[in-house]
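Those sequence lines, one after another, are chains A, B, C and D. One point on numbering: in the UniProt record's numbering, the residue at position 270 of the first sequence is 270, and numbering is uninterrupted. One point on numbering: in the UniProt record's numbering, the residue at position 80 of the second sequence is 80, and numbering is uninterrupted. One point on numbering: in the UniProt record's numbering, the residue at position 15 of the third sequence is 15, and numbering is uninterrupted. One point on numbering: in the UniProt record's numbering, the residue at position 390 of the fourth sequence is 390, and numbering is uninterrupted.
Check each hint, because a few of them may be wrong.
Capping the alpha-carbon separation at 20 angstroms, the derived lysine to any residue pairs in SDA-like fashion look like this [unchecked claim]: (1) LYS190(C) to ASP231(C); (2) LYS194(D) to SER185(A); (3) LYS350(C) to PHE39(B).
Calculated Cβ distances over 10 angstroms to all of chain B for the following chain C residues [to be verified]: (4) LEU187; (5) LEU315; (6) ALA328; (7) LYS338; (8) ASP342; (9) ALA356; (10) HIS364; (11) LEU403.
No wet-lab data here; the hints were simulated from the structure. A quick note: this is a predicted structure, and the numbers were derived from the prediction, not measured. A virtual CB, placed ideally from N, CA and C, is assigned to each residue, including glycine.
Here are the chains, one letter per residue:
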Amino acid sequence: MSNHFIPPVVRTVILPRLAQAVMVALLVGVLTFILVRSLPGDMAYRIAAGRYGYDMVDTAAADAVRRELGLEQPALTALGSWLWDILRLDFGNSLISGAPVIKEIVHQFGATVELSLAAVLLSLLIGPPLGVLAGLRPGGWLDRVLLVVSSGLRSLPAFVLGLLLIILLAREFGWFPAAGHGSASNLALPALTLALGLAAVSARVARDAMLGVAQSPYYAFGRTKGLSERQVFARHGMRNVAVPIVTYLGVQFVYLIEGVVVVESLFAWPGIGHALVHAIFARDVPMIQGTALVMGLMFVVLNTGVDLACRWLDPRVARA
Amino acid sequence: MAADLSLPLVAERSFWSTQRIIGVALLAAIVAFAFVTPFVFDGSPTRQSLRNVLGAPTVLEPLGYDHLGRSMLARMSAALRLSLGLAFLSVITAAVPGIALGILAAWKGGWTDRLISLVADAFLALPGLLLVLMFIAIVQDAPWALYVGISLVLWIEYFRLTRSITRALVLSPAVQASQLLGFGPLYIVRRHIWPEIAPLVLTVGAFGAASAIAAIAALSFVSVGVRPPTPELGLMMTELLPYYHEAPHALLQPVVAVFLLILSLNLIAGSNSR
Amino acid sequence: MSTLLVAEDVAVFSSHLLVHPASLTLQAGRPFTILGETGSGKSLLAQAIMGTLPRGLRAEGRVTVGDQRLDLASGQGHRALWGRTLGVLPQEPWLALDPTMRARKQVEEGYRLVRGLPAVQSRIRASADLAALGLGNAGDKLPSELSGGMAQRVAFIAARAGGARIVIADEPTKGLDVFRRDEVIALLLKEIEDGGGLLTITHDLELARQMGGDIAVVLEGQIIEQGPAADVLGAPRHDYTKRLIAADPSAWPERNAAPKRSAGVKPVLTAAGLAKTRGGQLLFENRDLTVLPGEIVGITGPSGCGKSTFGDILLDLVTPDAGTVTRAEGVARVRFQKLYQDPPAAFPQKVPIRRALNDLVRLHGLDGSRIAPLLERLRLSPGLLDRLPTQVSGGELQRFALLRVLLLDPVFLFADEPTSRLDLITQQETVELLAEVARERNCAVLIVSHDAELIRKMSDRQIAFGSPPDAAALAA
Amino acid sequence: MFGKAASILSVSVGALVIALGVSGPVRAASGAEVFNVVAPFEVKSMEPSTSGDVFLRTGVAETLVDVDENGKPLPALAERWEVSDDGKVWRFFVLPGVVFHDGSNLTAESITHALNVALARSGGLLAKAPIESIAPEGETVVVTLKQPFAPLLAFLAHNTTQILAPASYAADDTVVKVIGTGPFSLGAFEPPLKFSVERFDGYWGEKPAIAKANYLAAGRGETRALLAESGDADYVLNLDPASRVRLEKGDKVDVLSIAIPRTVLLKVNAGHPALKDVATRQALSAAIDREGIATAILRLPDAGATQLFPPSVGTWHNKSIAPLAYDIDKAKALLAEAGWTPGNDGVLERDGTRFAVTLTTYPDRPELPLIAAALQEQLREVGIAATINSTNSSEIPAKHQDGTLELGLVARNFALVPDPIGTILQDYPPQGGDWGALNWSNAEFNAAIDALSRTADASEGQVLRDKAVSILQAELPVIPVAWYQQTAAVSKKVEGARLDPFERSFGLAKVRKAP
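Only chain A is shown next, with the shape it has when bound in the complex:
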């Protein structure tokens, strides 16, 4: 197909991302399949423990589960049938709760997306502005403070940070509920915990980007053209700083998922990260594959968003 029929946006962003999505689906399917098959411990026992809890799990329950689920299916046919199901968008049923995986994921996935988006937006409100201010005056007091604070935030694991926020904002001031999901106020503390972790790094990226832009020839030319410092920053600084920040956002999503799992279990948030960890413990294979696939596709979608934002911000990318 020659290129000029397909609009450039689709050709350079959408198509490669679609290819990546298919790649992720295949990789997740095969990887989780091989890994789960090679996990130690008898699947039937693990599923029985997942279903009935540590008080009720015993050999009788495990044998019943083995009969019920027919776990003796040879490996390759199982993989083949899973891939075929995926094409038909049939994710199968969770071995633990028996509910269709897709229904469980939709509920839990919604909670995680809600939490992740709130965290990312919040981090963009905290990190980059502080980073830009520090970059405008390198070596100033804000720059030094930012270095120490961002190192501090990066070293605090999410659960310690989360706990501090609960103690401070929920117990002492009583502004927000300590945990749980439902009303908007529940979103505040988990999102803030994640956001501070992300902001610590995006502030550094913003600072370095601002440093580079402020020392660039076009910034100096802006001044000698007669523009005030504020005008130079608004017209030439903002956009050129935004490009590296948004590009870095794509990389940051890798660390977001770790934070999400911890924050979800600390704040009793019914998210997908939390569900994935339980699924792996309980060897709930369809749930693992479904969750991993959806999280993988979430990544691909988020990265596509980042790509489109980059194209909008930096016309050079569009013309490449």
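Please arrange chains B, C and D on chain A, whose structure you already have, making use of the hints.
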């Protein structure tokens, strides 16, 4: 004589800026604490005394006791040795393939480049945590498995960085000149590419190590990570979390250790730190 | 004519004195040019007057613009003048334009934000200015899509959009080839016709000669000669100025006849029917060339006409679309070498020169003791061996490149614009050295340059290459 | 000079405050009428076999038989019951006038349908009772057994045997809607962490005071404690030791605690070459510093287990037998006597085999890995090298089956069925039980237990029980380590809250909340 003789050798912004000196000093102090303490202090990281659980620091035990009455000083130095060693391991297991593939992709270009990049993107899209969880579930009882699991995600940063640098270099006249002079690819990597990449290995390594430890802490929190009683910074944070009210000093020690580690690596990495 | 700007005893200090106190007066409608080599401090003087000295340097002296007196020591008051009365045409204009903003908008902001015109009117004025300089359809282009010359014109308009009548042009011809110089001069003189002031800083003697007006020659931070262009260039008093004028290729002595080649000697290299198109543009087709040992062949033509590509094809660095290249049998491939346009870019950045040379000696098992005499021959002090390429001047590094190549007893040397980045005097020395050394070692040289005069004076025979691709744009 | 940059900062901080503020102080609806319960148990599905306990505790569903504080059966949906003289046929009389939440009447048919589904469902406890058949007869439900089985009433009090309306079941008997007979009906259901219940006005018993209750599952102990302190939860079940100590000292909430029949015990593989002789097991038990573990880890000084059952269980706690004590010298003497000699690395050896065992446990109960770590150290003191394998709880029954289990640290709940005999029969049958004895059998013990399961006579039962417990204490097929206390934090505004020792109810029906 020609008018434009070289200017006297003006020191290019010296490598040893004050920021970097503080960073190296801090890192040296941490490493010294980790490796010297066993000789100076003979406490064992696993001997318990259930009588003085969560005891406050005393002269005998400068860092106090943990929730099973074990010496925090012994555990902290052992944990730092393990964490530093394994963080280093995870950075190496990420750096070596990352850089090698980065150079290969940039050098060959075309299909090899597109293929490796697609795999890297797919790996990036895969939730890193899933890889690590799976990897640990198989290998079960080995802290090193955790760190290698984490490097499965870390190598991508190295790959992308190396690829972009090498791609610019491969087209540069310097490399063309060396090839014309008869030098082979190995020489070009050693003399042209490696010097440009080395400082970045430090920067990415610094943050790789920090995120490795943070990942272990997260995994231990969902009771997957390192197996007790191994002294490891991430696991200690999780174990001491419930006692945040009774013995904040115990919980803060691993957190402060990681903070100093990240701060020192940040300072060393210098201005282009991430 | 009214005086626009008077600078009295302007000096620049870092920890020590960099630019000795200097005074100059800028008349309306009469250009003023500061001539000097790289590193002579001419840019610092201009930056001191403009108030854009880099951090860590301080200036002294007084500058009067119209009725405003500025004390440089205080460093205040400049900001108000920027864009409104004083404008700067920066050194590499394609870097001084915001990479993510379209050309017209970068001009518009001068009108709208500095002069405060409403948006619609600013847009009209900007488009008019662009059209006046042949950039009618370049308004929507990004800086990365403009050629060097077009970017310079956009930067020029943008600098004056805020109403500045006095323009300081910093190295306007740097990085542009000879054909562009006339365009640049036309552009700058346009400023003079409108009764504006122009202060040009350059190392390009030809540009200074064509600008006319007053000239000041700067050497090691000091103005050694100042006065009307005709007197300074016609009857230079200071011997440095004399040598500077003599170093211009047009002043070089005519070459004596090429040494007679004994007939029947086998050629070093023959090329037949070479053709190459690049980016959909035909560069050249069915080109033939035979090069005899020790012969110096020159190729000239505007930038972008494919002369460098032609040289690369001869060295198998680029594959031609058609035609073949045959080299003399029995001659090692390594003895066909190349000299590069930007010397620092041809050396591994982070490796001291000594180690790079030792690597070469070890690779080919050469005799290390040949380095010392070569250093002597190429007038290079051994002390420089321990420095990194970035810590050595352009001229010396090009001679090190020559040394590196000579170690391999080359039979054929493709010099791709070897001296275009060097100052006049260094350029003359390097070119003479190259010719002598090649003749001594009977090594053939193919030298490429956009400076026709230099090629004519240096090579045994010349080949001209096609019309420049965007010359057509100039005509539009 | 950097006006622009400063204004950016103020805008962003402002946005941040607004984003948090707008969702700020409006707290979860916590009027007097709504009661918030928090517990660690996730709600997996509507199936009684996987999440029945939560529906029973929140008063949505009820069982045929209820239980009082010390485990004696009480009538519930079954008004009264009769047993045939051969003890094999039980007849239960249905409580009249009871209505399901969907308005349909409670009938013998609906009860038998619910019980038969529970019987067939894998993982249900009912399947373990020797039941021949369950059939309706007019207003009564007849249960015929293969052999006399005294603990049947206790089995029918288990949450998996809860009675749901026929409309709750789909065609294939999977539960699609929880329609019970309890004081509360199921409202919003958002697995795995949340659901709410509303007061059911048609309830046959005493109407509850509160109108609505929200149930939230919170996995982390710290989170549960903070939810109680911040007033977001009125009743929080199961506090981790450290938080419990903190809350007891603080004045924000009342802390309830009650001993429950759950014991942390070491499950020993009596077939393992090193562990097969009683003397070694006695030594193992003597090497355990139970008092140290109780104070340091469980934060309950008197939680150290002297025998299998805590005093609170009454009938199964035998006061006359010698308590298990911590005595390192006795342990070393017993080991030496059993032929163990210390090797060069301090680990004991006997005819060529090192005394090195794997201690398997699971982190589902956070205190188990900690106790395992303490035990590892204490065993090392006497020369036994134990490596900890903290893995999935199903590894205990799995390794029991293939005989590879050496030492297992488990927290066994003897109140699964209100009468401990139910669990004893399961754990200590002649051929050993997944969570009980492994490769250990004692004829005298088997005879006593079998007789106990048949007799209904209290005094005869007591003699048999004392004999059984003393044999377990002497032979130590499993080594008790510590007893448990169930804890809860209750908001000051709540009256009438209490802890159910058999963990069958949060007591929502009897609780009142001041505005």
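Output the numbers, in ascending order, of every earlier hint that fails for this structure. Violated hints: 1, 3, 5, 7, 8, 9, 10; rest satisfied.
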